[in-house]
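J.: Use the sequences and the hints to build the structure in full.
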Amino acid sequence: MKYLSEYRNLEATKSYLKLIENTITKPWKIMEICGGQTHGLVKNGILDLLPEKAQMIHGPGCPVCVTPLNLIDKAIELLGNDVIVCSFGDMIRVPGSKKSLLEAKAEGGDLRILYSPIDAVKIAKNNPDKEVVFFAVGFETTAPANALSVLHAQKEGVKNYSILVSHVLVPPAMEAILDDEFCNIDAFLGAGHVCAIMGFKEYHPLAEKYKIPIIITGFEPLDLVQGIYMAVNQLEKGIFKVENQYARVVKKEGNLAAKKVIQTIFEIGNREWRGIGEIPNSGYKLKKEFEAFDAELKFGISNIKVPENIDCIAGEILKGIKKPHQCSQFGKTCTPQNPLGAPMVSSEGACAAYYHFSDNLITS
Amino acid sequence: MDAKNLGFDTINLGHGSGGTMTRDLLDKIIFKTFDNPYLNQKHDGSIVKFNSKIAISTDSFVISPIFFKGGNIGELAVNGTVNDVAMCGAIPKYLSLAFIVEEGLKIDEFIKIVNSIKSAADKSGVQIITGDTKVVERGKGDKIFINTTGFGEVHPKANISTNNIKAGDKIIVNGLVAQHGMAIMSQREGLEFESTIESDTTNVNFLVNDLLDEFGNEIHLFRDPTRGGLASVLSEISQDINKGITIYEDKIPLEKQVAAACEILGLDPLYVANEGLFISIVDAKVADDVVELMRKDTKGKNTACIGEITNEHPNKVVMHSIIGGKRIVSPLIGEQLPRIC
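Protein chains in written order, with this note's numbering: chain A, 1 to 364; chain B, 1 to 341.
Hints are not guaranteed to be accurate.
Stated by the list, open to error - Think about it this way: if two alpha-carbon atoms lie no more than 20 Å apart in a straight line, the pair counts; the simulated EDC-like pairs of lysine to aspartate or glutamate are:
{"id": "1", "chain 1": "A", "residue 1": "Lys122", "chain 2": "B", "residue 2": "Glu194"}
{"id": "2", "chain 1": "B", "residue 1": "Lys157", "chain 2": "B", "residue 2": "Asp283"}
{"id": "3", "chain 1": "A", "residue 1": "Lys43", "chain 2": "B", "residue 2": "Asp283"}
Since the hints were derived computationally from the structure, they do not count as laboratory data.
T.: Right under this line is the structure:
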């Protein structure tokens, strides 16, 4: 807990807030990429402590939020076909086109909530007469463990295990946001945990091409205000480069062992993002030699396609064009109890963060 | 009570049939363990006398796993209902006890649970005066479900009501938050992690009684934040009284290991279940004395004043964060789910 108490220190946080206030002269829009950072900002009340000129825009870095609707429907389809579906916890309440995984479980589906995909391989071993699928969603952060589960299953000869892959990558999403005609982002706080795996070499060309500061940032209050200060400092000086605020965790080259595991089983391919659409080369898919572990192929469900809910502006939220409370459905027809889209469900979703922790709902 | 020499190893459907097997189970285990004049009449119900207004509370217990660090479903079923009666400002006297057992439950597990019920009942000074045992087919239950209903005499000085709460009242908790929920979480399938976190299940009726003896109607409300945690109960109270509640993150008693487990699992301790924890909302002028009295009791040694009632932000709970920010504390919706990363 030492690292936590140090980075939740009142005096240190205050001193960085003061630095931001003393440095900022113009209004700047800074996007924090990761949903964990959004929650850190809202949960600790940081948004209200920042000077008005430092405006935070909430990014697309919530793995639950960007998982396309049809993937959820595919998982539900599997549940209905006597397959044991294993998932990370916050995926299960996200609505598919007709229902959520949690509702499918109530109807009799065998859904297991796990912290580690390796446990799903254990379940497969213990249930040799059943098929077991792990719902492999997430950014670069969850990819190594998901990849490892496949290698583990292969090594142990577990044939009744496969993964339903919906892995997305951060840098292509940042590029898609910057290319959007409505984009007004001045700087990024890069997602610390993604960079802990991948390193941050690939961010240099982005900073260069779009002339935008990128600060790899952590998740605790002190991390966040320090990251914001570093961004403001660059913006005020008119420079744009990659800086690493989260150096206690993130190394330039990332975690080499984890990257190797990813590269063993995954290759880069096009991916659909919920609310944003297909982004070229923005995700992982299983390599040909691991096709036997691809649940979509194994169960012939790759043709399931469903349209997005037109009342939900998740795409604009995820690209930072609109804030949650600017959505006409926010807190009215769309609540965590009855969500229209994923950002209202996930614990990292921007809409859920605003709904649970911030004053916007009360005053609206 | 010993599982040996009973003539059966597991509970089966016959034990809930109402016939001789049921009688056998009751005679050899239930009546023998709880032996008291009310139960010994072996009637369909019991007749009891009260000297004052009575408080009644019922609760069903379906926890899984049934044995966990710091307790089991049996003592939970006693303490939970005893505490609910105490929260009404009453002194719990009697309990009803009803089992729904899934066939196949090992008799030694059943006896262990029954013995825990007896011991918890003795510790909180209540008697089991009526009960029921049903057995359901395998797959139709989850080992054992228990329902208890508690009856208590309202303390002569008690005046517990949300109507009495006013701005300025202080909010006091008697101990560490999130202990029970994290103890259970540490043993669930797929989440097992090494820890020494124990459930805080215990009876708090004597401490409540002492508080009422000493402070009477200066105590405006008791409430135990079990499921949904501290956040949900405080939100409910603020909505019930149409006033605001302010709490301070740095004042909330949280054990280091529990805090770390919550961090790792992505859970907010404010929403994690408690069992031996209760909130007292008291007049500000007695708050310090209440804290002092509670800290002298073993069930209140970590007592802390965590916040107050305010006329600002009605119907909302606002928490001042450690770093000086503010956030809304909203009630729990559905179950708290672990995060992806």
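J.: Next step is simple, just say for each hint if it's right about the structure.
T.: Hint-by-hint comparison with the structure:
no.	hint	in the structure
1	A:Lys122 with B:Glu194	19 Å, holds
2	B:Lys157 with B:Asp283	15 Å, holds
3	A:Lys43 with B:Asp283	30 Å, violated
Hint violations for this structure: number 3 only, all remaining hints satisfied.
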